[in-house]
Each structure stands twice: as structure tokens, then as C-alpha cells.
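J.: Input sequences plus hints: build the corresponding full structure.
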Amino acid sequence: MFVGYISWCYLLRRRINSIGVMGITVGVGALIMILSIMTGFLEESRDTVRGSLADVIIEPADIPTFDGKRLPKSADPLIAAVLKEDGVLAASPRLSWGGLLIQPGGGGFDSIRHLKNAQGNQFVFAHIVGVDVQSEYTTTNLREWLTNESDARVAVENVDDPFARPEGYAGDEPWAWIVVGEQLAEYRGLHQGSVINLITVVPDPRNGEARENNRKFLVAGTFRSKDNEVDLSRIYVDRWELSDFLSDTHEYTQVLLKLDDYEKRRDTVDATLTASLKEQGLIVSDRVRSYEVRTWEDFRGSLLGAIENERVLMGIMLALIVLVAAFTVFAILMMMVTEKRRDIGILTALGATPTSIRSIFFMIGMWNALLGCLFGAIIGVLGALNIDGIERWLSATFEVQIFNRDVYMFSHIPAVVTPLTVISIVSGALLATAIFSFFPAWRASRLHPIDALRAE
Amino acid sequence: MSQATHKDCLLVAEGIRKSFRIGDREIEILHGANLELRRSERLCLMGASGAGKSTFLHVLGLLEPPTEGRILLNGKSTWDLPMRERAALRNRHIGFVFQAYHLLPDLTALENIILPARIAGAYGTLPFVKREAEQEAAEILERFGLKDRLKHKPNQLSGGERQRVSIARALFLKPEIVIADEPTGNLDTGTGERVLELLFHEQQSRGASLLLVTHDERLAERCDRVLMMEDGQIQADSSVVIPH
Ligand SMILES: Nc1ncnc2c1ncn2[C@@H]1O[C@H](COP(=O)(O)OP(=O)(O)OP(=O)(O)O)[C@@H](O)[C@H]1O
Ligand SMILES: [Mg+2]
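Chains A and B are the protein sequences, given in the same order.
The opening residue of the first sequence carries number 273 in the numbering used here; numbering runs sequentially from there.
The opening residue of the second sequence carries number -1 in the numbering used here; numbering runs sequentially from there.
It should be emphasised that the hints constitute simulated quantities derived from the structure, not laboratory data.
The beta carbon of each residue, even a glycine, is placed where N, CA and C say it ideally should be.
Just so you know, not all the hints are guaranteed correct.
Stated by the list, open to error - Here are some of the chain A residues that sit facing chain B, going by a computed Cβ distance under 8 Å: (1) Trp280; (2) Arg285; (3) Ile288; (4) Phe395; (5) Phe397; (6) Asp520; (7) His522; (8) Ala547; (9) Arg614; (10) Ile618; (11) Thr620; (12) Ala621; (13) Leu622; (14) Ala624; (15) Arg726.
As the list claims (entries may be wrong) - Simulated restraints on C-beta separations: (16) A/Ser683 x B/Lys128: 34 to 42 Å; (17) B/Phe18 x A/Leu692: 51 to 59 Å; (18) B/Pro103 x A/Met273: 20 to 28 Å; (19) A/Thr610 x B/Phe198: 34 to 42 Å; (20) A/Ala668 x B/Ser156: 53 to 61 Å; (21) A/Arg677 x B/Pro103: 53 to 61 Å; (22) A/Leu646 x B/Lys128: 19 to 27 Å; (23) A/Thr610 x B/Glu140: 18 to 26 Å.
T.: This is the structure we're talking about:
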């Protein structure tokens, strides 16, 4: 009781303590703010990456084969089989192929055989994705991407049938309509009705030799996935159009799955599906953890892992600030113990025990930590929740761009404040200060304070 | 010394030896000092500087352990009690007044005075009610002529004022023993006399015993008994009863 009172008096009436409090405030505030922002980036990136894939991607390794073990060419048996599996909500076929996009224009050309003055920058790698639109909508975020709010968007006319010829289109070309990424459209100046040329390579069914196909397509609109890479290279087209473009060699290359509870099944789903599909002869893998059945994390795990690593490193570095702040408290306490030697003697004469003297100095340290954590948590949480506004204000005031909203394809700075983060940071700071306060407090109780009571 | 006399005595010191370690040398300061402090008595301890008076007071006040010997408070041995109980005894039964005042510089006069009550509250020996304690402290300060100094910090007070605050603090819990080590040593004669007058008056009206160390013969004359300390021992024949 009097321990709390005396330590509180010392805290308030010795200005030096404000340095300790401020140090911990800064450390805790910065940790909470930065970690919340990193968590925000991580979650946003996860959402983006996950959205550009599906929960599970089945990519049979062997369609078609030339060694007689031919798997069904059609996706239907595989889809029918996986839909019977536990936890699979939806499945959609995809025909995914690589190609080159060549833009008619300056150089001018009619086909791959007639390139006039073609420039290197006119060739763009294209990831051509043939989809059954309605089915694709059940497993991926494509529908949202087509309707995402964005300044640069070229809207498709009918989201339910994005590859349909726009009503008002005047031309009468027989070519199929495609949807391209917003970034690609922006860099290439594509708009509704723009003509592009796609070139690809397909196997000759007779002898397996590489054969190049090329065809013109018309741009129906754009999508925005927020994933830079996807928005720069992916081109959506109707699956049967693509199959036709590939000379009917393939009908599908992937089947995407939507699960009922991804988090629950993420660790087991690939093994169970592989075993079951292999038994039914729908994939040919001879390994248990097959690369033919993968979760979206298997596909892009390294990117997320990098962000996660960054977050951990950032946390460790910022934890050093808290450690330094706790050390400041240590220094302040050591100073106060020396300075207060006479006070310790007086308190002893008035009836205090060494234990209560120790508690007094320990509590001064803990008051520093508690106040610092309180202020730090408030500043950190408010800062993280309002980081976007703060950044805009700072950018406007100092006329420098701190956060480039185009680079990350984030329209805002994401921040996710979790109670667990706040609690662990606060308890970490408290623990560090407690450890650092212990020694000065112990020293205070071991002083021989009576000597200080002798008349000077 | 018979047991009967011990019983009448509030505080008894038997054969107190005290030595200090300096480096690897033991220096004995008290060489078997004896003392009896009777109830409500005003006992004066005199002696040359360096004789060991302050050291003796610290041992008697349960602040420092004797190297040898016993201290009995109300007939009970003290240095074999647990630390916490001894501290509680010190808090409740003994009030200190020092030459250098020894107020906590960060607390106001009022806060300094009620500090012993807070500590007693922590021990549970006396309930602590802040409002009552402050009321009582304010009354004492008013009696001591410090009505306008309640909220002053020690460094805003004169020496005489500080010593009066320190006396108020020593007396606050109505201890049975007040130990004063040269309380007027830092004050001019006039102020010293007034402060001591206050101390004597309060001690008498409360019936507390006073153990006073002073170099001032005139103060000694006003005490019931005077003991001489010489070279770490109380002179056997030094006890003088001064008739009032
Ligand atoms: N902690 C200590 N360590 C070593 N020596 C000490 C210690 N405390 C006191 N002494 C020594 O003990 C002797 C007695 O000191 P003490 O303060 O008791 O004398 P005193 O009688 O009160 O003198 P004064 O009248 O000047 O106050 C001195 O020689 C002093 O140096
Ligand atoms: Mg002395």
C-alpha cells in the first residue's frame, strides 16, 4: 500500500521517469503499428494471391500422353469424381496455356509470318486461361475482378457472359472476345474492341512436333486482381475457343476446387485427393504428396513466406527498441537508487523492510512500463487503424509520396490489429522491464542505508 | 541488574557491542554499552564526538543489529525477531528525530508526517484512513505554528520548520519512545530552544520516553537523567538525576 504510494510519488515527482515512459511508449507503439501493418499486407496479399488461384488446383501431369496410358481428354470424369469427395463444394475446368501477345500497330503485321519492323516490346508473354465462366465463378474471384472499382477499368458489358460481343460494337470480325488484365490494357493502350494477336505452340497430334498457331482476338474488357503479375499477363478466353485455337489437342489442363473449410483441410487435402484420384485412374502420380494436386499455398507459398519472414524480422528489430527502452528504465532506476540512498534510510527508520524497499524500486520500473505500454498501445492501435489517413496527411503536408498506391496495387495501406499482437507486445515489454528493474530494486534493498542517516 | 527493574523499563540495552568492518579490519565502536530507558522519562546521552552515541542510538532504535548484546523492548528481546516484525515495532513504537531532519524531499510537509501511518497501515497494525490522518497532521502542524506550510516541500522550509515537521512525524503514531540525535545541532540557539520546547512539551503530554543526544549542557539540565558515553561505553557512575 505505502509501497505503491511511494513508488507512484517518485514516478510523478522525478521527471527523469518520463524518459523511461516515453521510450517504452515509442517502442510499444512502433511495434504494434508496424506489425499490424505487416499483418495487413500479409493478409491482403494472401487474399490477392488466393483469389488468383483456387483453394486446390489439380493439374494432371499426363494429358494427353503418347505412351498409351492416355487419361481422359475431357475434364468431366475428373470433375465428377472430385465433386464426390469430402468437403469439395465446387469444381471448374480450366485450359491454361502459354503464348505470346503481339499487338498490331506501328510495326504492322497480319500474322506471325509477316512481321514488319517488329519491336521487342511488342511481344508480351501471355498466360492464356480458357474458362467456363459460370463454373469459374464458383471457384475463383473472377466475378469480383470483373466488377472491381477502378479508374482504369474497361467494363465488360455483361458479367454473366463476359466473352459476348458487345451490343454496340460496329465491326463484323469473326474473332473471339477476350478479357485482359487491367495493367496489360493500360500499358498496351487496349480498350473495348482492340485487336490483339496471340501466338502459341501446340503439339502436332500425328507426331508430337511443335507447331505454331496464331489467331486474332478482340478485347471485351478488363479485370483487376490486384496481383501485378496476373494483371500484366493473364488473358481470359472461353475454354472451347481456346481449345479450338490449340487445334483441339486439349480440352482442359487444370481442375480448380472450392472447399467447404480450407483452413481445416489444407494439410490433408492433397494426399487424400491424390490417393483417391489415382485409384480411379484420373491422375498418374506415383508419389503420395503429388505435385498434381496442390493447394494455392503450394503454388505461391514462397511469396507469402517472404512477407511473413519480413514481418518476423521487423518484429525482432523493433523488439530491440523495447529492449533499449527497458534498459533506459534500468539506468534510471540505478540512478534513483543512488540518489535516494538517504530516502531509503529514512523509510527504513520509519519502519520499512528491505523487501518493501525492493518493491518500491521494482514498482517504479513497472509504473514506467505500465504507463509506457498504455500510451504505446493507444498510439500504436490508433496509428495502425488510421495509418492510411496519417500517410495521406503526411504526404500532403510534406509534398512527398510516402506510399505509392500503384506499386503495390493496394488502394490503401492495410493494417490488421489483432488483440493477440497487442497483448504479446505489451506483455513482452512488461516482462523486459520487470527483468531490467529487478537488479536495481535488489540493489536498493541491499544498500546499507543507515550510514546515509548520519549527520553530514 | 534485576529482572524487577527490567520490567519497569521500556527499553533495555545489555552489553551492546558493535563493530564495523573496514576492508579486512574489524573496528569495535561500542564495547559493551548498557542502558535502561524508563517509561515517560527524559534521558540525555552526552559524550565526545566519535564516542559512538549515534551508533548506539541506531542499535537502540532497531535500525542496526548489535554485534553482541540484547535490546529488550517492553521486556521482549528484539534482535531475534524476524525482520518484518522488528520493522513493524520500529514503525509503531519508536519515533526518530535526526540532526539533519531527514524528510523525504519529494513529499510535502503533510505527506511526510502521515508517512508512518501509511506504513503502519501496510503492516495492518493501525488502520490508515487518509482523510483522518491528514486532518490530524494538519492539526499538529497548526499547533506547531506551521499552518501555512502544509503543502510545502522540505526545501521550501527553513531549518527550524523542517525540524518541527520531523518532530511531528516522529510523534505522529504516538510512539512510546522518541529517539532524538542532536535535534538542535543544525539550528541557531533561539530556534533550537523553541524546537526543543515543542519536543519536550509533546513528549510530556503524551507520556512518551525521550532519549536525547546533545552536546548542549543547558538542554541536558532539563532532562531527568544524564548518561555519559565515553569510548563506546556508558560510564557507570554517570547517571545524574536532576531535580526539577
Ligand atoms: N558504518 C561505519 N563504518 C565504519 N565506522 C563507522 C561507521 N559508523 C560509525 N563509525 C565510526 O564509529 C565512531 C562513532 O561514530 P558515531 O557517529 O556513533 O559518533 P557520535 O558519538 O555520534 O559522534 P558525534 O557526536 O560527532 O555525532 C566514529 O569513529 C565513526 O567513524
Ligand atoms: Mg552522532
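J.: Each hint needs a verdict: does it hold in this structure or not?
T.: Against the structure, the hints:
{"no.": "1", "hint": "Trp280", "verdict": "violated (11 Å)"}
{"no.": "2", "hint": "Arg285", "verdict": "holds (4 Å)"}
{"no.": "3", "hint": "Ile288", "verdict": "violated (12 Å)"}
{"no.": "4", "hint": "Phe395", "verdict": "violated (78 Å)"}
{"no.": "5", "hint": "Phe397", "verdict": "violated (73 Å)"}
{"no.": "6", "hint": "Asp520", "verdict": "violated (91 Å)"}
{"no.": "7", "hint": "His522", "verdict": "violated (84 Å)"}
{"no.": "8", "hint": "Ala547", "verdict": "violated (70 Å)"}
{"no.": "9", "hint": "Arg614", "verdict": "holds (7 Å)"}
{"no.": "10", "hint": "Ile618", "verdict": "holds (5 Å)"}
{"no.": "11", "hint": "Thr620", "verdict": "holds (7 Å)"}
{"no.": "12", "hint": "Ala621", "verdict": "holds (5 Å)"}
{"no.": "13", "hint": "Leu622", "verdict": "holds (5 Å)"}
{"no.": "14", "hint": "Ala624", "verdict": "holds (6 Å)"}
{"no.": "15", "hint": "Arg726", "verdict": "holds (6 Å)"}
{"no.": "16", "hint": "A/Ser683 x B/Lys128: 34 to 42 Å", "verdict": "violated (57 Å)"}
{"no.": "17", "hint": "B/Phe18 x A/Leu692: 51 to 59 Å", "verdict": "holds (56 Å)"}
{"no.": "18", "hint": "B/Pro103 x A/Met273: 20 to 28 Å", "verdict": "holds (22 Å)"}
{"no.": "19", "hint": "A/Thr610 x B/Phe198: 34 to 42 Å", "verdict": "holds (38 Å)"}
{"no.": "20", "hint": "A/Ala668 x B/Ser156: 53 to 61 Å", "verdict": "holds (59 Å)"}
{"no.": "21", "hint": "A/Arg677 x B/Pro103: 53 to 61 Å", "verdict": "holds (57 Å)"}
{"no.": "22", "hint": "A/Leu646 x B/Lys128: 19 to 27 Å", "verdict": "holds (25 Å)"}
{"no.": "23", "hint": "A/Thr610 x B/Glu140: 18 to 26 Å", "verdict": "violated (37 Å)"}
When each numbered hint is compared with the structure, violations occur for hints 1, 3, 4, 5, 6, 7, 8, 16 and 23.
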